[in-house]
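Chemist: For reference, the chains in residue letters:
There are 2 protein chains.
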Amino acid sequence: MNDLHARRPGEEAVTLPGAFDAGLYFIGHIRTPWLQRADCPKNGLQTDAVCTVAVDPRFAAGLQNVEGATHLILLYWMDRAVRDLVRQHPRHAEGSRGTFSLRSPARPNPIALSVVELLGREGDQLTVRGLDCLDGTPLLDIKPYYATTDSRPGARVDRSGAAASGSPPR
Amino acid sequence: MNDLHARRPGEEAVTLPGAFDAGLYFIGHIRTPWLQRADCPKNGLQTDAVCTVAVDPRFAAGLQNVEGATHLILLYWMDRAVRDLVRQHPRHAEGSRGTFSLRSPARPNPIALSVVELLGREGDQLTVRGLDCLDGTPLLDIKPYYATTDSRPGARVDRSGAAASGSPPR
Numbered sequence: 001m002n003d004l005h006a007r008r009p010g011e012e013a014v015t016l017p018g019a020f021d022a023g024l025y026f027i028g029h030i031r032t033p034w035l036q037r038a039d040c041p042k043n044g045l046q047t048d049a050v051c052t053v054a055v056d057p058r059f060a061a062g063l064q065n066v067e068g069a070t071h072l073i074l075l076y077w078m079d080r081a082v083r084d085l086v087r088q089h090p091r092h093a094e095g096s097r098g099t100f101s102l103r104s105p106a107r108p109n110p111i112a113l114s115v116v117e118l119l120g121r122e123g124d125q126l127t128v129r130g131l132d133c134l135d136g137t138p139l140l141d142i143k144p145y146y147a148t149t150d151s152r153p154g155a156r157v158d159r160s161g162a163a164a165s166g167s168p169p170r
Numbered sequence: 001m002n003d004l005h006a007r008r009p010g011e012e013a014v015t016l017p018g019a020f021d022a023g024l025y026f027i028g029h030i031r032t033p034w035l036q037r038a039d040c041p042k043n044g045l046q047t048d049a050v051c052t053v054a055v056d057p058r059f060a061a062g063l064q065n066v067e068g069a070t071h072l073i074l075l076y077w078m079d080r081a082v083r084d085l086v087r088q089h090p091r092h093a094e095g096s097r098g099t100f101s102l103r104s105p106a107r108p109n110p111i112a113l114s115v116v117e118l119l120g121r122e123g124d125q126l127t128v129r130g131l132d133c134l135d136g137t138p139l140l141d142i143k144p145y146y147a148t149t150d151s152r153p154g155a156r157v158d159r160s161g162a163a164a165s166g167s168p169p170r
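The listed protein sequences correspond, in order, to chains A and B.
According to my numbering, the first sequence is numbered sequentially starting from 1.
According to my numbering, the second sequence is numbered sequentially starting from 1.
Source of the hints: derived by calculation from the structure; they are not laboratory data.
A hint or two may mislead.
No copy labels: a pair is met if it fits in one copy or bridges any two.
Claimed, not checked - Think about it this way: if two alpha-carbon atoms lie no more than 20 Å apart in a straight line, the pair counts; the simulated SDA-like pairs of lysine to any residue are:
#, residue 1, residue 2
1, 42, 147
2, 42, 17
3, 42, 113
4, 42, 80
5, 42, 123
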């Protein structure tokens, strides 16, 4: 367990597999104004901060044509998150919940996803709006956002209901 | 290079780093009707097929409360994709384009993302609609879809323009 998640009542951890099934390359880093987790906004819509996505020179040719998109999906690696929690108790929730019902960084594969507005590109760097992560966060992928397949304005999450229903963890 | 991507004119590959920076656990598998890539729909909206997301028993407690969401984001691993292409020539495009302007499986970290409609859950299995991947695809993560942060109905991708502008690769 690391410093970012002290175990709380109702939380459940599992023994992780002894080996990884696949490997990731960090393709760059994200520069944000936030140096400590407590400073990060709750999500990327709660800030107007302009952040920088710096792609490593090795992969920078992959940025060609990216300016054609108004919005991008960024995948990045929450390198300080614990990975063994299957049930966790969010700070402001009433009880513990399954990890896959949460957007918490603590998950078996701590891949975070943000939809960002693309403001511009200068060489290997993109300027974007809509991030909430720590400065220096490793970048995994950049994808164009397609409203047709990625936007579901009518989607709903019943935050209280499913938790309050008391459905057993299984 | 593997069987899923014969190099085409204008494509550019890089030498990948000698070591991975992080590791992934496969947390389950996706069951779909498609056994070969040629059978897969172009995207998850082009089919009504109901698919199954089978979470490994080790991680299944993480599904608690997931039924509170009408839509989920699934991250999965395109385990047959090449990883060294930074510019590629999509089959029906006029020229090559940067990998990060495409949703092609071929990318440094072949993590695919689909927004799916959650139809139901039985124990360790979810039934969903909106997938386009091969049967047996390894699962990496399940996240609730929040319209507030994830939906951008007005997002646009200028497919032809950015490619036709002839902007240099960097």
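Chemist: Now look at each hint and say whether the structure bears it out.
Modeler: Hints, verified against the model:
1. 42 x 147: Between copies only: 15 Å across chains, 24 Å inside a chain, cut-off 20 Å.
2. 42 x 17: neither (31 Å within a copy, 34 Å between copies)
3. 42 x 113: Only inside one copy: residue 42 and residue 113 sit 14 Å apart there, 22 Å across copies, limit 20 Å.
4. 42 x 80: within (17 Å within a copy, 36 Å between copies)
5. 42 x 123: Neither: 30 Å inside a chain and 31 Å across chains, both beyond 20 Å.
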